[in-house]
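**Q** Take a look at the letters that make up each chain.
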Amino acid sequence: MNIEIEQQNNYQVVKLYGEVDLSNSRSIKLDIIKLIKSKNNVIVDFTHLQYIDSSGMASLVEAFNEAKENHTEFHIVGANGSPLQVLQLTRLNTVFNLADSVGAVTHNG
Amino acid sequence: MTALFNAISNLGAATRKNIDSLGLATMFLLRIVSSLFTGLVSFKQVLKQIYFIGNRSLIVIIVAALFTGMVVALQFYDTLVRFGSVDLLGSAVALSLIKELGPVMTALMLIARVGSATCSEIGIMRNEQQFDALDCMAINSYRYVMLPRLLAALICVPILTAVFDLVGISGGYIVGVHIQGENPGAYIQGVLDTISFKDVLVGQIKSLVFGLFIMWIPLYYGFYLHLNQKNMGAEGVSNGTTQAVVMSAIIMLFSDYIVSSLAL
Amino acid sequence: MVKPIITVEHLFAQYGDTQVLKDVNLEVNPGEILVVMGGSGSGKSTLLNHMLGLKTPVSGTIMIDGVNIFTAKSKQLRHLRQKMGVAFQGGALLSSLTVADNVRLPLEQNTSLDTQTIDIMVRMKLELMNMAGTGHMMPSELSGGMLKRAGLARAVIMDPKLLFFDEPSAGLDPTTAVELDELILTLRDAMNMTIVVVTHELESVFKIADRVVVLFNGEVVANGTVDEIKNSPDERIQNMINRQPNTYRDDGEVYFNRLLDKDNI
Numbered sequence: 001m002n003i004e005i006e007q008q009n010n011y012q013v014v015k016l017y018g019e020v021d022l023s024n025s026r027s028i029k030l031d032i033i034k035l036i037k038s039k040n041n042v043i044v045d046f047t048h049l050q051y052i053d054s055s056g057m058a059s060l061v062e063a064f065n066e067a068k069e070n071h072t073e074f075h076i077v078g079a080n081g082s083p084l085q086v087l088q089l090t091r092l093n094t095v096f097n098l099a100d101s102v103g104a105v106t107h108n109g
Numbered sequence: 001m002t003a004l005f006n007a008i009s010n011l012g013a014a015t016r017k018n019i020d021s022l023g024l025a026t027m028f029l030l031r032i033v034s035s036l037f038t039g040l041v042s043f044k045q046v047l048k049q050i051y052f053i054g055n056r057s058l059i060v061i062i063v064a065a066l067f068t069g070m071v072v073a074l075q076f077y078d079t080l081v082r083f084g085s086v087d088l089l090g091s092a093v094a095l096s097l098i099k100e101l102g103p104v105m106t107a108l109m110l111i112a113r114v115g116s117a118t119c120s121e122i123g124i125m126r127n128e129q130q131f132d133a134l135d136c137m138a139i140n141s142y143r144y145v146m147l148p149r150l151l152a153a154l155i156c157v158p159i160l161t162a163v164f165d166l167v168g169i170s171g172g173y174i175v176g177v178h179i180q181g182e183n184p185g186a187y188i189q190g191v192l193d194t195i196s197f198k199d200v201l202v203g204q205i206k207s208l209v210f211g212l213f214i215m216w217i218p219l220y221y222g223f224y225l226h227l228n229q230k231n232m233g234a235e236g237v238s239n240g241t242t243q244a245v246v247m248s249a250i251i252m253l254f255s256d257y258i259v260s261s262l263a264l
Numbered sequence: 001m002v003k004p005i006i007t008v009e010h011l012f013a014q015y016g017d018t019q020v021l022k023d024v025n026l027e028v029n030p031g032e033i034l035v036v037m038g039g040s041g042s043g044k045s046t047l048l049n050h051m052l053g054l055k056t057p058v059s060g061t062i063m064i065d066g067v068n069i070f071t072a073k074s075k076q077l078r079h080l081r082q083k084m085g086v087a088f089q090g091g092a093l094l095s096s097l098t099v100a101d102n103v104r105l106p107l108e109q110n111t112s113l114d115t116q117t118i119d120i121m122v123r124m125k126l127e128l129m130n131m132a133g134t135g136h137m138m139p140s141e142l143s144g145g146m147l148k149r150a151g152l153a154r155a156v157i158m159d160p161k162l163l164f165f166d167e168p169s170a171g172l173d174p175t176t177a178v179e180l181d182e183l184i185l186t187l188r189d190a191m192n193m194t195i196v197v198v199t200h201e202l203e204s205v206f207k208i209a210d211r212v213v214v215l216f217n218g219e220v221v222a223n224g225t226v227d228e229i230k231n232s233p234d235e236r237i238q239n240m241i242n243r244q245p246n247t248y249r250d251d252g253e254v255y256f257n258r259l260l261d262k263d264n265i
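Chains as they are written, first to last, in UniProt numbering: chain U, 1 to 109; chain L, 1 to 264; chain H, 1 to 265.
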């Protein structure tokens with residue numbers, strides 16, 4: 001699992017590559033929450049994410065909550081394949097504001 | 001003739017079966033003890049069990065102790081008065097309670113309360129495949145279910161025995177002093193003079209040994225309920241519990257003799 | 001051809017003196033739903049117990065995800081078991097814990113996730129099972145259907161690779177049974193789970209199975225797709241499908257004698 005963080009406009013884009021599961025979900029959560037606590041708007045890019053499990057989803061829910069409390073933005077973009085199915089199965093696609101790509105968010109923001 | 005041969009072979013089979021059971025029970029205990037070294041036992045679980053064994057038995061133990069102490073004092077008084085040695089009442093009551101009646105009566109009360117409840121609980125867990133579920137979740141049932149109960153028993157039984165002793169001696173005081181009118185000073189002095197540290201130690205060691213049996217035996221009977229095919233279901237749990245209680249009591253009394261004779 | 005994720009080879013099992021499984025061979029491919037079907041006494045529950053490593057056979061091997069479960073070291077077996085979820089017949093919840101604490105248990109014992117993360121995961125799984133808000137209840141307060149669903153929530157809480165069901169529809173009303181079937185299919189599709197279902201409920205079998213293994217008296221009598229099973233020439237299978245009892249072909253005389261036989265009680 002690789003994670004790349006880069007700045008685009010006034011968003012921090014967190015690109016996830018590979019798989020998020022029990023072995024790394026906690027550390028990813030802590031990274032994202034650190035960004036949020038520093039008052040950053042965060043976009044989590046699922047484009048290259050192949051698999052995410054419930055611990056990963058729960059971690060993102062926690063991050064989303066943190067963003068709400070910090071009054072910053074939190075988006076998930078580019079979900080496809082298995083991660084998209086999981087978002088639909090857990091009905092989290094109704095919770096997060098899913099967008100197709102980073103561009104879709106930054107151009108509207 | 002056949003009847004005789006049958007009787008002998010049945011005896012042989014029963015003996016083999018009992019040795020098998022003894023071996024299985026010992027392996028069972030060893031697994032519980034060794035699980036102590038596989039990881040941290042849940043402190044929360046141990047506390048929960050201490051509450052169940054200790055706190056909830058307290059009233060029963062106190063009531064039993066009071067009446068035991070009173071009746072012991074009554075009986076001793078009756079005998080001692082014939083020899084004109086009534087000032088020995090305190091010593092007599094205290095010695096018999098601390099060395100013998102305290103540990104044994106406490107153990108019996110707990111076998112009835114805790115032993116039967118534990119065997120039923122574990123037996124039902126076995127029936128409902130809860131141990132299978134724990135195995136499949138890669139959770140060590142010995143560490144998660146058995147060990148907290150064993151540790152709690154080893155902690156609570158000596159303490160409850162001490163409570164029994166104190167309340168019993170007080171019960172004796174009530175009978176000796178307030179009912180029979182003996183000298184309070186003589187009673188208390190008798191207690192303090194005669195009781196040695198060794199007496200108390202032996203009593204506590206007994207209660208520790210009893211504590212082991214009180215928990216080990218019901219756990220064993222409940223856990224291995226399914227080995228006897230006829231033992232499944234509610235009737236099986238009830239059978240197993242009865243066996244566990246009876247066996248616990250017998251083994252407790254047997255070990256009582258062993259410890260007593262080793263101590264003298 | 002993808003390698004099977006479960007292989008059972010030449011499995012022989014005994015209860016005391018009775019042969020319960022005779023030379024059972026089967027394979028489960030990754031991502032498929034295999035149904036093990038058979039009447040009572042066919043040995044299907046025994047087969048499941050062996051696959052879960054709860055019983056050891058007289059002879060035979062079972063490989064799961066590359067691990068020989070009967071010879072594996074305990075650490076290896078532990079690691080494997082964390083990738084397996086089991087939904088037992090009565091739920092097999094721990095009676096002294098609440099529903100939520102039961103579902104939470106595998107995560108608490110086997111991972112180092114934060115409590116808040118675990119709480120959210122537990123709620124997510126209960127929502128999935130239509131059990132939202134029941135977390136505080138004790139198993140003794142639940143109906144049979146709810147017990148099964150709570151047990152299933154616990155079985156999938158770690159998103160296992162392999163899921164085993166022991167008689168999922170037993171004791172459920174038709175509506176709940178259908179919902180459960182849908183859930184099984186969803187778990188295979190969305191979570192890519194390999195699922196082994198032991199059952200005797202025909203409707204479920206035809207609806208969810210990718211492949212079916214039929215057991216009769218401890219032997220595998222059929223192993224194929226649903227269509228292959230439906231068209232099987234084996235009379236016992238046809239009887240099972242058509243719900244006919246296997247009729248005895250004794251003549252009247254033999255039957256009459258059996259009725260009067262003092263030892264036949």
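If you're looking for bench data, these hints aren't it; they were derived computationally from the structure.
One thing to keep in mind: the hints can contain errors.
Capping the alpha-carbon separation at 16 Å, the derived lysine to aspartate or glutamate pairs in EDC-like fashion look like this [to be verified]:
| id | chain 1 | residue 1 | chain 2 | residue 2 |
| --- | --- | --- | --- | --- |
| 1 | H | Lys-83 | L | Asp-135 |
| 2 | H | Lys-161 | U | Asp-31 |
| 3 | U | Lys-37 | U | Glu-66 |
| 4 | H | Lys-161 | U | Glu-4 |
| 5 | U | Lys-39 | U | Glu-19 |
| 6 | H | Lys-55 | L | Asp-135 |
| 7 | L | Lys-44 | H | Asp-17 |
| 8 | H | Lys-83 | U | Glu-66 |
| 9 | H | Lys-83 | U | Glu-4 |
| 10 | H | Lys-75 | L | Asp-135 |
| 11 | H | Lys-161 | U | Asp-100 |
| 12 | U | Lys-68 | U | Asp-53 |
| 13 | L | Lys-44 | H | Asp-101 |
| 14 | H | Lys-161 | H | Asp-65 |
Quick caveat, the model's predicted, so the values are computed rather than measured.
**Q** Now, for every hint given, state plainly whether the structure supports it.
**A** Evaluated hints:
| no. | hint | in the structure |
| --- | --- | --- |
| 1 | H/Lys-83 to L/Asp-135 | 13 Å, holds |
| 2 | H/Lys-161 to U/Asp-31 | 27 Å, violated |
| 3 | U/Lys-37 to U/Glu-66 | 8 Å, holds |
| 4 | H/Lys-161 to U/Glu-4 | 28 Å, violated |
| 5 | U/Lys-39 to U/Glu-19 | 27 Å, violated |
| 6 | H/Lys-55 to L/Asp-135 | 11 Å, holds |
| 7 | L/Lys-44 to H/Asp-17 | 44 Å, violated |
| 8 | H/Lys-83 to U/Glu-66 | 31 Å, violated |
| 9 | H/Lys-83 to U/Glu-4 | 29 Å, violated |
| 10 | H/Lys-75 to L/Asp-135 | 13 Å, holds |
| 11 | H/Lys-161 to U/Asp-100 | 29 Å, violated |
| 12 | U/Lys-68 to U/Asp-53 | 23 Å, violated |
| 13 | L/Lys-44 to H/Asp-101 | 14 Å, holds |
| 14 | H/Lys-161 to H/Asp-65 | 9 Å, holds |
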